[in-house]
Every structure is written in structure tokens, then in C-alpha cells.
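Asker: What follows is each chain in one-letter form.
2 protein chains.
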Amino acid sequence: MMISKTSTKFNRIEMRFGLLSLLLVSWAFVQAADNDSIVARKFFSEELLNGKSYEMLDELCNKVGHRLSGSEGAAKAVEWGKKIMEQYKFDRVFLQEVMVPHWVRGEKEVGNIRRASGAKQIKVELCALGGSVGTGKDGIVAEVVEVKSLEELSALGKSNIEGKIVFYNRPLDPTLISTGHAYGGAVDQRRSGASEAAKYGAVGVIVRSMTTKLDDVPHTGALKYDSAVVMIPAAAISTIAANTLSKLLIEEQGVTFYFKMSCETLPDVLSYNVVGEIKGSEKPDEIIVVGGHLDSWDLGQGAHDDGTGCVQAIEAVRLFRALGITPKRTIRAVLFMNEENGIRGGKMYAKLAKDNKENHIAAIESDAGGFTPRGFGIKGDEKQVATIVAWKHIFEDYNMGQLGKGWGGADIGPLIDQGTVLMGFRPDTQRYFDIHHTREDTFEKVHKRELELGAAGMGVMLYLLSEYGL
Amino acid sequence: MMISKTSTKFNRIEMRFGLLSLLLVSWAFVQAADNDSIVARKFFSEELLNGKSYEMLDELCNKVGHRLSGSEGAAKAVEWGKKIMEQYKFDRVFLQEVMVPHWVRGEKEVGNIRRASGAKQIKVELCALGGSVGTGKDGIVAEVVEVKSLEELSALGKSNIEGKIVFYNRPLDPTLISTGHAYGGAVDQRRSGASEAAKYGAVGVIVRSMTTKLDDVPHTGALKYDSAVVMIPAAAISTIAANTLSKLLIEEQGVTFYFKMSCETLPDVLSYNVVGEIKGSEKPDEIIVVGGHLDSWDLGQGAHDDGTGCVQAIEAVRLFRALGITPKRTIRAVLFMNEENGIRGGKMYAKLAKDNKENHIAAIESDAGGFTPRGFGIKGDEKQVATIVAWKHIFEDYNMGQLGKGWGGADIGPLIDQGTVLMGFRPDTQRYFDIHHTREDTFEKVHKRELELGAAGMGVMLYLLSEYGL
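As you go down the protein sequences, you meet chains W and B in turn.
Start counting the first sequence at 0; every next residue gets the next number (numbering that gives the first Met the number 0).
Start counting the second sequence at 0; every next residue gets the next number (numbering that gives the first Met the number 0).
In case anyone wonders, no lab produced these hints; they're calculated from the structure.
Small disclaimer: the values here were computed from a predicted structure and weren't measured.
Be aware that one or more of the hints could be misleading.
Remember, identical chains collapse to one label, so a pair may be satisfied in a single copy or spanning two.
[To be verified] Computed list of lysine-lysine pairs in PhoX-like fashion (alpha-carbon distance at most 25 Å, straight line): (1) 62 - 75; (2) 246 - 51; (3) 81 - 62; (4) 346 - 278.
Isolated chain W, as found in the complex (with noise of 0.2 Å):
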């Protein structure tokens, strides 16, 4: 600060009084932030030494299992979600009827390449792809075509697809840091492409699974039919299979492709979104949301997608039970159901708070694993991100000062029409999609401390939120 020498005594006067209040005001900020940092690490120590979020995984994992929307395990988790919030007294405890559909995978999947020299068939690692029609009985055999997009798709066109089994090879990039931007850059071909190959004639899709990992584990996730289309069967491969498969269609002629699948979508079933509050002392009616989604797929147990989000959710409010601290603003756990195969939940949620003139001020999702914490993803405008990265000092002590703009969360996305801040949790990506969307995601690949870490600092963000506002 430079001051003029040729101020007059009333500048000088307004500028000493000017600086009392900047002390003042200084003070007091520093004593806020300085208590802000004594309640987080309350947050962290509580959860560290008495958590509760890896112990209500494991029931979730291992009692409830994998909860594919529509399914009996999705209605025993919804159970098991209202339960425990009710059992640690949350304030106010309720359901949101939504309707999701009901796909089911049916028998095991079987899949084969055959040579055409008569050679051994090769047996492949391959799962339905989520919504996918059912091949019949009796299986889809025809030949590959190896493509490495949609745009090399287009550009073979219907001469060189019809009739043929479409194959889509392109792997994650792994030079990318983050597996998820690898995930983004690949998945256009799981997510569109069966309806693709269907406009050339394609009778049936193959997909390389969307990991980084180079193993024999087939990962399913949603494809999308575009409804001009006729629908055909899609399905994901290993990519030891991928890579097994290319080689083949390189060395061999007329190598073929046999794959038979049972799975069909039955009739949308009533579910619900699961909700427990702790109503808020001052502002009762600014409402700061954290959830995770509830249902999973139906190949492991959902526990890193995203059974961690669910307990992750709920620690975070109870965290505030333990520790006797009451909001001033509202803090809802939120289940999301459906987010896997229709998002029915977070536009359900979306539009029940608007029918219901809520005002949330703030949404925190967690759903990219329960990994070792990064820090949040901020989808705001530059003053509420610049809020809350101006908390990225407490944050830093636990290595999850990664504050920026950023993705929120595709269930609290629906939110984003009402002018909510949204949040995305980041934890470490380097695992997440080798688990995901497979038989793999179990409680064991959860690691205790990473969890409790990842749900503090979600407790901690509330109570900022809750304590400042927006």
C-alpha cells in the first residue's frame, strides 16, 4: 500500500480509521479461517478414528450387493439407505417415488472368435452392454469389421458394414493424467456406437472395454439407441480380447464373431431417490445438497461406483451429528437412483425441488471412486468459484486443495437450471477405471482411509457452505 504525502488531515484522519477497520476486518477473517481450520480438522480426526463410511459400505456391498435400477437389489438399498439415516436421527428422513427402467442381462453372456482355417475357437471375456436387445437363442455370428470411430464407421458406409458385426477398438489414451478425460475421449463408442453401425446395416457391435487396463475384464456401461435406428445387441469385450481379436483379423481371413445374450428391458418399475436432512438454524430454507447415486450395475457390487459416493454422502452429514455442530443452512444426503442407465433420480430430484420452490444454494457429488481425495470441481460462475477456491488453505492440509472450475456430477446436473453451485468430489483417477462397471468393483478394492479422507473433506465443504453460503 503506498501512501500519498500530500493527503490532507481528513484524508489521513478517514485513511487511520480505514485502516482500523481493515485490521478489524482482517482480524476477524483471520479468526474465521483460523476456526474454519480447527473445524476441519474435527471433521478429520472424528472420521479417522470413529468413521462409520467403510463399515456401512461393507454392509451395502455385502449385504445388499449390486442394486441395478429396477432390480431387488435397488429396492433393498433404498431400505437399507432410509434406515441407517434414520438411525442416526437425522432430522427429517423421506423417499422420492421415481420411475426407472428395469433392464435385466439374463443368462451369462457367451462370445467366440472363429477362424475361418478351422482352428481352435477362441473364447472371449464379453458382457451385454447396458439396455442392449438380446441377440435370440441362437446367437448373431457374422463377420468383423475393426473400426477406431465413428467417424471411420461413416467412412467405410454401408457397402463395407452391412451384415457385418461392427468392432470399435479405439482405446483410452493413456498419455492423458486423468483416466476419466481418457474415458471421455473414448466413449462415444459404447454410449452411440450400436445405433451408428445400425444405420450401415450392422447386425451387432463389439466394443474394446473402456479401462486403461490391459486385462481380461469386460466392462459394461449404457448405450443409447437412437430410435430412428432398429436396435442391435452391442456388447464389450476384454481388451486382452480386443487385442487378441484385431491381431487375428490382420493374420487370418474370414475370421468371424459369435456372440449370444439373453438381456431385454421389461417394464419401467417404481423406485425412489432416498433423502435425509438436518435442518438448518439460520437459513433453513438454503438447501446444500451432497449425494451419490444408489444404484450400480449389475456385475460386482457397485462399491467404488458408487457405493463409496452413497456412504461418502451420508457420513458427511452425520459427521455433523458426532461432532454437535447444527448447519445454519440445510444439508441433505441424497441417494440418486438410476444415474447409470437413465439419470430418473436427479431429474426427478431436479424437478421436485423447483414443483416445491426449494432454493439450493450448493450440490456435492461424489461418483469417480473412493480414492485417495484431490479436491472439488466447481460449476459456478467466477464469484462462487472464487468463494469457495478462496477455502483451498484448509483443504491443502489434507492434500485436497485441487479447487477449480470443473464437472459437478451427472445427478446433480439436472440442478443446474436453478442456479445451483455444483460440485464434483475428485479423488485419484489412476485406479477408478480398472474396476469400473465390472465384476471387479468389490468392497475389497476399498481402501478404509481413502474412503474416511474423501467423506471428511465432503463434511468439511458442507459445513463451509453451510457456514458462509453462496
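Fit chain B to the given chain W structure using the hints.
Answerer: Below, chain B without anything else, positioned relative to chain W:
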């Protein structure tokens, strides 16, 4: 920048000239910084696409296996290290002779809790601490005195300790975010517990395993006998066993503990540090070391401790070859022998550096596991630390921007007397002490991409040090 309105013409000219210089310097700086970021990206892309670190680690863990100082495995590891750096065509690969301790575990240890009531004995998972004497073929059985600290032991005194087995049971503090700090706060029990207990006439020592995890896996690690006191046998018991024993000591009278170990120390053995270097093109006499330790404990495979450090060190240097970059200063990968129970290799390396009048400007060590990288700790003067911290932006792109004052490493430690700046590679700490010094420290616990990110980051640090010096 505020510009005075009363500046003279001379001032204005000077200022313009100054601004021009500033712009030129800034431009050069920006160019250099941009170029460094481009080179950094090359290190990471090359490693993530074509890295050798994971396959090297596979060989070291699965073909060589564990490699305790003086063992056959250690001798094989020396050969392996030399051969692989020769294969990668480093300019010079050589061995440094060093005499190392030769402690052997002998037969699998046996231990159990004996209850006075005649109730069932409880088998305990335990292992000898490295360097411990054996119990003799009959083993030792005695009453147990539990303490939480060396201070508590001292307060109990001879009358309460004599003839008994001292049980050190202070856990790692779970509220510390860095498990390394938690380890540091508990490890005095393992390191000094035996001799301290012997001072009061104890006949043996059992120590709670040094881990935040609750399981049935005992963790070994070095103890240090005080030459003024009789050597008594010391073992680590699993955290589950420690909790069981602690509970029984409260609930029942006359609980005794039995253990039998045939470990012993044999005469010192000739072994080696393995060194591979690429000569600097401009200042070959300025040497920068990157290293890990080649020895390991005899349980597990020494994968994270410290196979990962060894292959990351080799890889960091190999990447210069792969990218066709000749460093301006000499870079050296050093595989130190005997970190675990003597640091003889580290001491010998520093001695030879001094004897040969070598100028080591910096040394980097990776010995905290091959987990997802966070950054580097730096041990140097303010200016040196500031020089390195100025590169933070380059590392932030790879989530490893935590650069600051910190710990270097045990093996490079003795170089401090020569004014060498020491740097410790910092991976995430959450999982390390789950497997540290146990049978669980195996190749499967290492994640390929996490290992590679660390290797590439170490390569980039080596590059920056070799370009700019300190």
C-alpha cells in the same frame, strides 16, 4: 507498477530500457518455461506409452524375489541391476563394494498367548524384528507387561519388568494425514524397545506392528541394540493379535506369552551398490543422483519397499536415452545396498564421492512406495529450495506439485555433508504402511500407471536439475 509523473527524461529513458530488458528477460523466461513443460510432457507420454518400469519391477519381484542384505537374492539383484542398465546402454555401469550385515530369519517363528485358566492357547501371527537374536530352541515364555511408550516402561522400572516380556502397544496415530508421520511417531518402540526393556531385566519384547491397518499380518523392520545392554529377542505381532493380547491382559490373570525364533546374525558379506550414469554434455563434473535401495526385507518381494524406487531410478535415466536427450550435467541411477538394516551402501556411496572428489549437486530418492505421486520434499538452503519450488507449475500438470522443504532419503542422507541438495520423492501415503515390511509387499500391489507417473516425474526433476543446476 506505478510510474511517477515527476520522472526526468533520463528516468523515462532508463525506464523504457529497463522495461525492454524486462520484456526480453520475461520472453526468454517464458520460452524456457514453455520448453520445459513441453519436455516434461515428453517424459510422461513416453513413459505411459512405452515405459519399462513395470516390466522391470515384475522381473525384480518375480524372478529375483526378496533380497535381504547378504542373501542370495541380494546378490542376484546386483547382477540384475547391472545387466539391465548395461542393456539400456547407459554410458557407464559399475559396482561399488560394500560389506553388509548378514542377518537370517531361520525357521518360521512360532508364538502364542497362554492363558492361566487352562483355556485354549491363542496362536499369534508374529515375525522376528530384523537383527534380533533368537530365543534358543526352547523358546521363551514369560508374563507380559504392556506399555504404550518407552516413558511408561521407564516409569514401571525394574521391579515390574524383570523376567517378563515387554509388549509395546502404542498404535500409529490414525488422525495424522500422512501415514509416514504416524509411523515416525510410533517406530521408536520397534527400534529401541528391546534394549530399553533389557535395561530393566526383560527377557523378550513383542511390538505391535507398525501399521494403521487392522489385520493379521506382522510387520518386520530393524531394531537397534544398545551395545551396553544384553541383547534380548524381539518380534512384531499383528495388530489383531496385539488387540487380542491387550484385551486378555485386562480380562484375565496370569496371561503369558510364548515365542520361538531361530534368527541370527552371521559374519558380514561383500555386496555392492549398483551405479549407472549418463555423462553430462556441458558440466559432466556436476553429478545428480536418482536412487532407491536394492535390498529389501525377506518377507514378501520388496515391491513397494523399494523395488519401485529402484526401477523408477533406472527408468528416470533411461527416459533420457529413449527421448534422445543428453543431459547437460551427469545423471546417475544408484541402487543402494542395505538401507533396511545398516545404510552401509548409502554411507559407502558418500564416502567414495568424497574420496573421488566428485561434486554431487543433488540427489533424489524414491523410498516411500510406488503409489500415485504428490511431489517432492527438498532438503537444502532457502535459495536452493526456492529454485526447485519455482518449477511447481510444471509438476502441477501431473498432480505432483507438492514441492517444499522436507525429507530427502536414508541412502542419500550421508551426502548432506558434501552440500548436496537432497530430495525425497513423495507418493500418496495412504496404502504404504498396509504392506510395509510384510509378506504382502508383492508385485500385485503396485499399480502400473501410478508407478509410471512417479518414474516420469523423477525423470522430469532430473532433467530440470541437469539443465539448470542449483
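Asker: State whether the alpha carbon distance between residue 81 and residue 62 is at most 25 Å within one copy, between copies, both, or neither.
Answerer: Cα proximity of residue 81 and residue 62: one copy only (15 Å, versus 52 Å across).
Asker: Please work out whether the CA atoms of residue 62 and residue 75 approach to 25 Å or closer within one copy, between two copies, in both situations, or in neither?
Answerer: within (9 Å within a copy, 48 Å between copies)
Asker: Using 25 Å as the alpha carbon limit, work out where residue 246 and residue 51 are close: within a copy, between copies, both or neither.
Answerer: between (49 Å within a copy, 23 Å between copies)
Asker: Is the C-alpha distance from residue 346 to residue 278 at most 25 Å within one copy, between copies, in both cases, or in neither?
Answerer: Answer is within; shortest intra-copy Cα gap is 23 Å, inter-copy 62 Å.
Taken one by one, the earlier hints all hold for this structure without exception.
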